[in-house]
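Chemist: Chains S and Y, in that order, are what the protein sequence lines are.
Residue numbering for the first sequence follows my numbering, starting at 1 and increasing by one per position.
Residue numbering for the second sequence follows my numbering, starting at 421 and increasing by one per position.
Quick caveat, the hints were computed from the structure, so don't treat them as lab data.
Please note: incorrect hints may appear among the correct ones.
Anything over 10 Å on all C-beta distances counts as not near chain S; from chain Y, calculated [as the list claims (entries may be wrong)]: (1) A1188; (2) S1189; (3) A1193; (4) R1239; (5) L1243; (6) A1248.
Cβ-Cβ distance ranges computed for the label pairs, FRET-style [unchecked claim]: (7) Y:G1274 to S:L9: 31 to 41 Å; (8) S:D196 to Y:D1166: 41 to 51 Å; (9) Y:P1233 to S:D196: 44 to 54 Å; (10) S:D369 to Y:V442: 53 to 63 Å; (11) Y:T1164 to S:E67: 34 to 44 Å; (12) Y:G1274 to S:G367: 55 to 65 Å; (13) Y:S1192 to S:E187: 23 to 33 Å; (14) Y:E1215 to S:L297: 55 to 65 Å; (15) Y:D1166 to S:E187: 26 to 36 Å; (16) Y:S449 to S:D196: 51 to 61 Å.
This one's a predicted model, so the numbers in the text were calculated from it and none came from an experiment.
Using N, Cα and C, we set each Cβ at its ideal position, and we do this for glycine too.
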Amino acid sequence: MSDTTQPKLDLVVIGNGMAGLRTLEDLLDAAPERYNVTVFGAEPHPSYNRIMLSPVLAGDKAFEEIETHGRAWYVDNGITLYTDEAVVDIDRRRRMVISDTGREIGYDRLLLATGSTPFILPVPGHTLDGVISFRDIGDVHRMVEASEKGGKAVVIGGGLLGLEAAYGLHKRGMEVTIVHLMGTLMERQLDPTAADLLQYSLTQRGLSFRMGAKTAAILGDEAGRVTGLRFDDADDSEIDADIVVMAVGIRPNVELAKTAGLYCEKGIVVNDTMQTYDPRIYAVGECVEHRHSVYGLVAPLWDQAKVCANHLAYRGHTQYEGSVTATQLKVTGIDVYSAGDFSDAEGTETLIFSDVRRGVYKRIVLGDDRIVGVVLYGDTRDGGWYFRLMREGADVSGFRDLLLFGQAYMPPATDAAEAA
Amino acid sequence: MSTLTTRTTCPYCGVGCGVNAVVENGAVSVAGDAAHPSNLGSLCSKGTALADTVGLDGRLLHPVVDGRRASWDDALDEVATRFGEIIAEHGPDAVAFYVSGQLLTEDYYVANKLMKGYIGSANIDTNSRLCMSSAVAGHKRAFGEDVVPGCYEDLEVADLVVLVGSNTAWCHPVVYQRIVAAQENDPNKKLVVIDPRRTATAEGADLHLPLAPGTDVHLFNGLLAFLAEHGFDGDLPGAQDAVAEARRMGGVAAVAAACGVGVETVQAFFELFAQTERTVTVFSQGVNQSSAGTDKVNAIINCHLLTDRIGKPGACPFSITGQPNAMGGREVGGLSSTLAGHMGFDAAERVQRFWRSPAIAHEPGLKAVELFEAIESGRVKAVWIMATNPLVSLPDADRAKRALDACEFVAVSDCMRHTDTVDRAHVLLPAAAWAEKSGTVTNSERIISRQRDFLPMPGEAKPDWWIVCEVARRMGFGAGFDFHSAAAIFREHAALTAYENDGERVLNLEGLADLSDADYDTLEPLRWPVYTIEALRAAGAMPARQDSRRLFGDGIYPTEDGKARLVAVTPRGPANPVSEQWPLALNTGRVRDHWHTMTRTAKSARLSAHIPEPFVEVHPDDAKRYGVIDGALATVSTALAEAHVRVIVTAGQREGALFVPMHWNDQFAAKARVGALANPAVCPISGEPEFKHTPAAIAPFEAAWHGFILASRPLRLNGEASIDYWVKVPGERFYRYEIAGLQTPDHWAATARGWIGVGERTADWLDASDTSAGRYRAAHIDAGHIEACLFVAPEPAALPERSWLASLFTGEPIVESERAGLLAGRPADASKDVGPQICSCFGVGRNTILRAIGEDGLDSVAAVGEALDAGTNCGSCKPEIAALIEAHAGK
C-alpha cells in the first residue's frame, strides 16, 4: 500500500505558531503526500520563534533573525497560508472551518494550535493605554515604541517572562521596577537561594523590585494613559509608571474549541495521541490540556508535535505521556536553568554546589538515584545534560560524586573501568 | 655568578654513593659522582632528591635550654655541669650517650673517646645496634673481627647473588641496579631472593623463597647439610659440629616444610648454590633484626666457609648495612659492646695508653634497648642523644618516650627543631646538617669517603665533633679533645687503628695516620685496610694485601689460630610466638623514598609522593578473615601499642604476616609509630631487636568518613576532636593531609572552615555537599590563589586523585577553568590527569605511563624510559613500571 494510491485528504491547521508548524514539519517528513494542507494564522506575520521575543525586545536580535518559515516555505510545500485571518467557527457536522473573512474550508482532519493568551489582572485600570502584555511581536513593538520616550516601566510578574521583559526594557533605557506577588522570583522554577542570587544580580544591573507586593489598581490620567500603580498594602503606596507590562501568566486559548463544542477544562482536553473528544480534530501546544497538565514552555510542544504528526501520518504507534519541563532565563549574562521538582520532598536527596564569589549555584534533587529536579544559577552549561538524565530516568548513582560538576567531568569509560 | 662543585657522599643508606653537589648562584643541585667506585655516577631516588632536603625549614638554628633560646656557652655548660654532677653522685655508669650511624667517623670518635676513656663508662651505644649489630657479632664469631670481606664488584662478578632479608631494590637501590645491570649482560647469572614478602626486589629475581618469618637458620642449616652431602667438607674449626647440627634439620622436604616454601623451590636454591662457585650472599635487616640474628648471620657465613667462598672474586657473604656511617661507627667503637678501633675490652689497657686518658671502660656498656630500660628505671639518669630519633626507631618506642619523660637530664644534638625525641630534651644543641658537615664515612664495602661541606652552617649550628669536644673541655678533659679540625680527629683515629697492631686487627689505617690537612681535604675514596708501603714490605705481605678489595682470600683470619670458625647454630623461632590474641607476625621495614624517621626525606615533595601514607600490607586471605579492605584504614595492634594505617591487600605478603613501614612518627601522623608496636625482644648475643616479628592483630578502623586536605600552609590537626586519623604529606608549595574520623560532624561547612582556619563569612569559599551520601568538598581561595581544599567521602575510594589538585598549588593565581573544576577534583579533560607519581626522579605519574603503554604501544621498561624518562635515572621505579606493562598486557 502506498500513499499515492489514495486520494489526498484535507488537513486544516488553525494557528500559525510554533506548535502547529512543528507538527506540520514532522508530518511532511513522515507522509509528505497524504494531505492538502491549509494554515490559518491570526497574526499578520508568517511564523516566528516566539520564545526569542525577549532577545528582540532587549535588542539582542532583530525580528528577521527569529522568523522561522518565510512564505516561500509554505509555497514549496504546497501549503495554503492565510495570515491575519482568524478562524471564528468550526462546523463539525459539515467538517468546515469559517474564518473572520467568511472563508469556509472543509477538512478531513483538523489541527487546533491556537496557543494561549496572556492573563490580564482584572484590576481597575487594566484597560488603560500603556498596559501591555508580553505575548507576540505586536507587544514587543509596543514596548519598543514606549521605551523610545524613556521613562518608567513597571513589570507586574517576577516570573520568567516578566524578568525578560523587564530586562529588555531596562536595556532600552527605561527605569524598570518589577512587582512580584511572591517573596522570591521565579518561585516555580527556582529555589530561594537561586532566586536571591538572581535578584541580587538583576539589582546590580539596575533593576528595582517590589517583592511580596499585590497590585490594587493601575492608575491613569484623563487621557486614559497609564501614570502609575497602587499597591494593596497598609499605606496604599503608589509608584509612577509610563507603561505597565503584565506578565502574570498565560491561559490556554480555548474559545474556538469551546464554541465548537469540544470538551475543555483549563485547556482543550486531548488523549495520548493528541486527539480531542472529536477524533477528527487534534490539538497541540499551549492550548491543550493533557492528563490535567497544561504547558507554557517549548519543549513539550516538540513532544506533542511528534506524536500528533505520527498519528496524522497513520503511523500512530507513539503516545504522548506528558513532558518534564526545563526553564532557561534569556537574560544576557545571567544564566538560570531549572527543571523538575526541586522541593525537598520526602525520600529525596539534595546535592548543592555553591561558589558565591563566582556567582554559581547548583542544586540537584535525587529520588531513588534519579534526578527529579535541578536548579542551576550562574553556570547552566550542563542543564541539557541533567535534563536528559532526568527525562531518561537514568540511574546516576555510578557518578553521583561528580554529578554537580557536569558532563565534562565524567570520567572517560576506560578510566572509569580502570578505577573500578 | 658562581658555580662550585663539591664532591661529597650521600647521607642515606650504607651503599655510600659519591655525590657531586653543585651550588650555582645559591641554588643547590646534585648528581652522582662518576669517579666514586661505589656508585660510578648513579644515584637512587633519595640521593637524586638531596637538593630538596637542604632547605632550612624546621631547622634547629640555636641552642635551647629548658625550652628557651640560649647561648652556646650556657647550653654547653649546662650539659657539662649536669653530666658532671650526676657522674660525681652516681658514678660514670649513670650517664649514657645514644648516638647514630648518621654521625661522621670523626664525630663518633670523639663521642666514644669521651664516654669510654674520660667518663669511664661504655654506655655509648648507637642506633646501628638496631640494624646491623647481629652482623657485627656474626662476623666476630666467624672471622674474629667485624669485617666485610668483599666489595660491590663481587656482586657483578658473581654468577649467583642471593639476597636474604633485603629489599635491595628499595633500600640499597644503587647496589641493586649494579646487580641487575650485570645480570642483564649475562643470562647465566642468577638472582635468588629470600624474603617472606614478595618485594620489588623479589619481583626481579630468578627464584624467590617466601620463607616463613624467622626461619632463615632452618633454611641455611638445611643448605649447609645439603652442601655437606654434596661433597663440601671443610676442615675449619667448628665445621663438624655445625654440619652435625645442620643435619638435624632432616632432608630438603623437611627444610621446605619448616620454612613454609615449596620443596622444588628449596631444592632448586640448594642445587644452584651448590653448583655455583661464584656466589655472593647479601644479607641485611631481614636477617639481622631478629632474636636469633647473630645465629642467622653465622648460618649464612657457615655455608660460605664450608664451600671456601670468601675473599674470592664473586664469592663472599656480604652484610649490607643500613646507614651512611654505621661502618664508621663500628670502626671507632661506637657500639657499647666494643671498645675502639675494632678492639674489645681486653685491649682496655692499650687503648687507655694510646689515649693517655684518666679512665677506661673495662666492661661492655648498655645496648640500645637495655639502655632505655635503664633510663626508665632510673639507673641511667642523664642521656645525650645525637642525630637520632629513638622515640620513633626503638622497639616498644612508647617505653622510650616514658623513659625520656622520666629522665633527669636529656640533651639532644640534632639539626631539626621538632622531632618526637627533640621535643623531650632539656638542652637542644643545633648540629650541622649533611650539606654543612665535613669528615669521613665508611660504606658497606669498607670504602672511606669524604663528606664535604658545600653550604655554610646556618644560624649557630656547629659540627657534632665540635659540640662533643666543647662539652668534654668543660668537663675538665680539655687535653684529650684539643682538636681544631675533623682532619686532626681522623689522624688520631687512624693512628689508633694502627697502634700496636701487628696484623691481629684487619682494620688498620696506618697509611692515613699522618695525612696532612690538605691531603685530607682532597682524599679520594679508598678502601681499608690502608697500610704504608713500608709496613707492607716489612711484613712481606705486599702481594696479597696490596689489593684490599677482598679479604681472607689467603685463608688467614684475625683469630688466635688464624682460622675462621663455623658456628653450630640451632634453629629457633621468634622470641614471642603468635597466639590466639595476636595471630599475625608484624614485620617492619623501609619504603623506597623515605629514610628513617623522615626528618630529611619529608622535605622533598617528590620523595613524599611515592608512598604518601603509612600502610599495612596484608595477604588477601587475612584481609578477608579480619575484615579489612584495600585502601581503607586499619588498626594494627600488639600487646604494646596500636597504629592506624592504610591497608594494602597484596598477595606479595605472606598469609599470617603483616608489614608496616618504620618511618612515620608523631610529626607526620596521628598514630603510626610502628616502633611503639615492636616487641623489645633482642638477640642475646648482639642485642639487636626483633623488629621483623612481633605478634599482632589487625582490625578495621571503623571510620565514618575519609578525606583529605591540601593546604598552602601547615595546619594543626593534632587534637581536633573530630579528626581521629591524619597523615601529613609535604608537597611542592602545599601540605597534604589524609584524614578520617570515627564520627561525622553535624555541620561540615563550619567544621571544615575551622580546620582550615577560615573564619570570616565573607571569605572566598566554595563548596559542594551531598549530605545524605556523606560527601562534602570545599575550597578556600584568597586573592585568586588556592589556599586550601578539602574533600570528604564515606569511602576512601570515593575521593578524587590528589595529583591534579596538588598541581594547582603553583604560587600563581588559579584560572577560571581550574576554579570551575576544583571541587570535581579533576580537570575537565581527563588527559591532563597524570595520576599518582611513580617515577620520583622525573615526576612521572601513573596515568602518564599507562597512556604511553596503552596508546603508544610501549611494551618494555626501556621503551617507557625512552619516551618519558621514567625509570632512567635511579631506576628504582622500574619494577613498578614493569608491573604496569604486565598489567596492561594481561588485560
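Chemist: Now, for every hint given, state plainly whether the structure supports it.
Modeler: Quick rundown of the hints versus the structure:
1. A1188: violated, 4 Å
2. S1189: violated, 5 Å
3. A1193: violated, 6 Å
4. R1239: violated, 7 Å
5. L1243: violated, 7 Å
6. A1248: violated, 4 Å
7. Y:G1274 to S:L9: 31 to 41 Å: violated, 60 Å
8. S:D196 to Y:D1166: 41 to 51 Å: violated, 25 Å
9. Y:P1233 to S:D196: 44 to 54 Å: violated, 28 Å
10. S:D369 to Y:V442: 53 to 63 Å: holds, 59 Å
11. Y:T1164 to S:E67: 34 to 44 Å: violated, 58 Å
12. Y:G1274 to S:G367: 55 to 65 Å: Violated - the Cβ-Cβ distance for G1274 of chain Y and G367 of chain S, about 39 Å, lies outside 55 to 65 Å.
13. Y:S1192 to S:E187: 23 to 33 Å: holds, 25 Å
14. Y:E1215 to S:L297: 55 to 65 Å: violated, 40 Å
15. Y:D1166 to S:E187: 26 to 36 Å: Cβ of D1166 of chain Y to Cβ of E187 of chain S: about 30 Å, so the range 26 to 36 Å holds.
16. Y:S449 to S:D196: 51 to 61 Å: Holds - the Cβ-Cβ distance for S449 of chain Y and D196 of chain S, about 55 Å, lies within 51 to 61 Å.
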